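Kindly produce the complete structure, drawing on both the sequences and the hints.
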Amino acid sequence: MKTNAVLFLFVAVVSLFALDGCGRAEKPEIIEMNILKSFELKDIAGGNIACTVGVYNDTLYYTRRTGDVFSIVFTDFEGNEIRHFDIPRGKGPGEAIMAMVVKVKDDIVYFYDLGLKRLSRFDLNGRFLDSIDYTPETGIIIFFAFLNDRLFIHSANNIYIGEIDPSTGRLLRSLPHPIQGMPEVGTRLIGGMMDTDPYTNEIYVGHACKPYRIERYDTDFNLLGTFTYGKDKEYEPVVYQDHLRIAGDTLVNSLAVDKDYVYAPHIGDREYVDQNNHVIRPEYPIEVYAFSKKSGKLTAIYKSSTLGVTQGTFGTAGTSDGKLVLIVSGFGHAVTSLSGGIDDPKYRGYAVVIETK
Numbered sequence: 310m311k312t313n314a315v316l317f318l319f320v321a322v323v324s325l326f327a328l329d330g331c332g333r334a335e336k337p338e339i340i341e342m343n344i345l346k347s348f349e350l351k352d353i354a355g356g357n358i359a360c361t362v363g364v365y366n367d368t369l370y371y372t373r374r375t376g377d378v379f380s381i382v383f384t385d386f387e388g389n390e391i392r393h394f395d396i397p398r399g400k401g402p403g404e405a406i407m408a409m410v411v412k413v414k415d416d417i418v419y420f421y422d423l424g425l426k427r428l429s430r431f432d433l434n435g436r437f438l439d440s441i442d443y444t445p446e447t448g449i450i451i452f453f454a455f456l457n458d459r460l461f462i463h464s465a466n467n468i469y470i471g472e473i474d475p476s477t478g479r480l481l482r483s484l485p486h487p488i489q490g491m492p493e494v495g496t497r498l499i500g501g502m503m504d505t506d507p508y509t510n511e512i513y514v515g516h517a518c519k520p521y522r523i524e525r526y527d528t529d530f531n532l533l534g535t536f537t538y539g540k541d542k543e544y545e546p547v548v549y550q551d552h553l554r555i556a557g558d559t560l561v562n563s564l565a566v567d568k569d570y571v572y573a574p575h576i577g578d579r580e581y582v583d584q585n586n587h588v589i590r591p592e593y594p595i596e597v598y599a600f601s602k603k604s605g606k607l608t609a610i611y612k613s614s615t616l617g618v619t620q621g622t623f624g625t626a627g628t629s630d631g632k633l634v635l636i637v638s639g640f641g642h643a644v645t646s647l648s649g650g651i652d653d654p655k656y657r658g659y660a661v662v663i664e665t666k
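Numbering-wise, our numbering puts 349 at position 40 of the sequence shown, and it's gapless, one number per residue.
Simulated from the structure, these hints should not be mistaken for laboratory data.
Since the structure is predicted, the reported quantities are computational estimates derived from the model, not experimental observations.
Careful: at least some of the hints might be erroneous.
Stated by the list, open to error - Think about it this way: if two alpha-carbon atoms lie no more than 27 Å apart in a straight line, the pair counts; the simulated DSSO-like pairs of lysine-lysine are:
1) Lys655 / Lys603
2) Lys336 / Lys603
3) Lys602 / Lys655
4) Lys632 / Lys414
5) Lys603 / Lys632
6) Lys336 / Lys351
7) Lys336 / Lys655
8) Lys632 / Lys606
9) Lys336 / Lys632
10) Lys602 / Lys519
11) Lys351 / Lys400
12) Lys655 / Lys612
13) Lys542 / Lys519
Below is the structure:
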């Protein structure tokens with residue numbers, strides 16, 4: 310009897326250690342951001358900032374707005390401008406009224422205008438090449454991305470994931486969206502952003518609304534798995550307001566990939582609307598989640614004691630040779646810190662280059 314009791318105690322202790330070890334293994338590593346460089350993105354266009362900034366061939370590009378002109382600006386990772394070109398405001402060929410998504414592929418700039426439902430193409434010198442207009446069947450396109458030479462879209466309604474003929478804009482095939490027709494006020498946003506992974510040939514759909522998740526699809530739109538983390542109670546849902554505005558805790562508004570990891574903001578924006586229709590922007594922490602492609606788990610959380618919290622938009626722009634480029638825009642502690650202590654009501658945007666493990 311005594312032997313059995315000792316054996317039971319031994320097994321219990323071993324089990325506790327095993328469980329404790331597993332618990333520790335499941336916890337993501339907390340990494341203090343090693344900020345290599347930060348610089349202002351002067352006159353960055355407000356609105357859909359996380360979707361109009363990116364990394365291309367070891368350069369950063371962003372969308373600038375001055376007066377009635379949009380500018381696509383290219384800089385190095387030190388903040389030095391390499392080139393820029395202008396897109397006049399208007400509805401004619403080679404003009405635009407709203408910068409929704411900007412991508413660069415094979416030395417061609419793709420500028421998606423949500424207001425005009427038009428995807429325009431420019432060369433790197435700003436010469437207008439052509440454009441395609443989207444049809445109502447695609448729904449309200451809110452994101453597009455290339456994978457090799459194929460063009461994929463993600464919409465707020467009608468089409469969850471679709472493939473488009475890049476030369477004509479014709480919808481080739483699609484996965485239906487849970488929301489058909491116009492989203493009603495108070496409806497939760499489903500999805501929110503999409504990108505592709507050239508290393509795995511997968512399509513990622515990041516959800517703005519809780520629960521935190523990034524879905525993985527193959528190019529036939531089969532769901533392969535989901536990166537997820539966190540608890541629903543931590544966040545307010547993202548819901549539609551009047552005129553398709555959204556409010557709540559926007560989680561995945563952007564992502565970046567390298568060979569081994571998928572990087573995405575913990576929170577990309579936080580905006581509430583009170584009973585008097587006033588916009589409130591509470592602070593939230595600047596944190597980047599790093600998901601392992603191999604395990605599917607959250608393996609690291611990048612934090613910054615220097616940047617702390619922000620009010621505005623935070624996102625991941627891209628990766629390059631062990632570096633991750635972040636975008637911090639708006640107001641609050643982080644922007645004040647990046648500006649060198651300037652505390653004024655001007656909306657500012659900054660690129661922050663950090664080292665990845």
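A quick look at each hint next to the structure:
In summary, the hint linking Lys655 to Lys603 is not supported, as the alpha carbons are separated by about 42 Å, beyond the 27 Å threshold. Taking the CA atoms of Lys336 and Lys603, the gap is about 16 Å. The hint holds against a cut of 27 Å. For the hint pairing Lys602 with Lys655, the CA-to-CA distance comes to about 39 Å; that exceeds 27 Å, so the pair is violated. Among the hinted pairs, Lys632 with Lys414 is consistent with the structure: their alpha-carbon atoms are about 20 Å apart, no more than 27 Å.
A distance of roughly 20 Å separates the Cα atoms of Lys603 and Lys632; the hinted pair therefore holds under the 27 Å criterion. Between the alpha carbons of Lys336 and Lys351 the distance comes to roughly 38 Å, so the proposed pair goes past 27 Å and is violated. With a CA separation close to 39 Å, the supplied pair Lys336 and Lys655 exceeds the 27 Å bound. For the hint pairing Lys632 with Lys606, the CA-to-CA distance comes to about 21 Å; that is within 27 Å, so the pair holds.
Only pairs whose Cα atoms come within 27 Å are accepted, and Lys336 paired with Lys632 is accepted, the gap being roughly 24 Å. Taking the CA atoms of Lys602 and Lys519, the gap is about 21 Å. The hint holds against a cut of 27 Å. This hinted pair checks out: Lys351 and Lys400 have alpha carbons roughly 25 Å apart, not beyond 27 Å. Taken as a hint, the Lys655 and Lys612 pair is honoured in the structure, with Cα atoms around 25 Å apart against an allowance of 27 Å.
Restraint check for Lys542 and Lys519: satisfied, since their Cα atoms lie roughly 9 Å apart, inside the 27 Å limit.
Hints 1, 3, 6, 7 from the list above are not met by this structure, while the remaining hints are.
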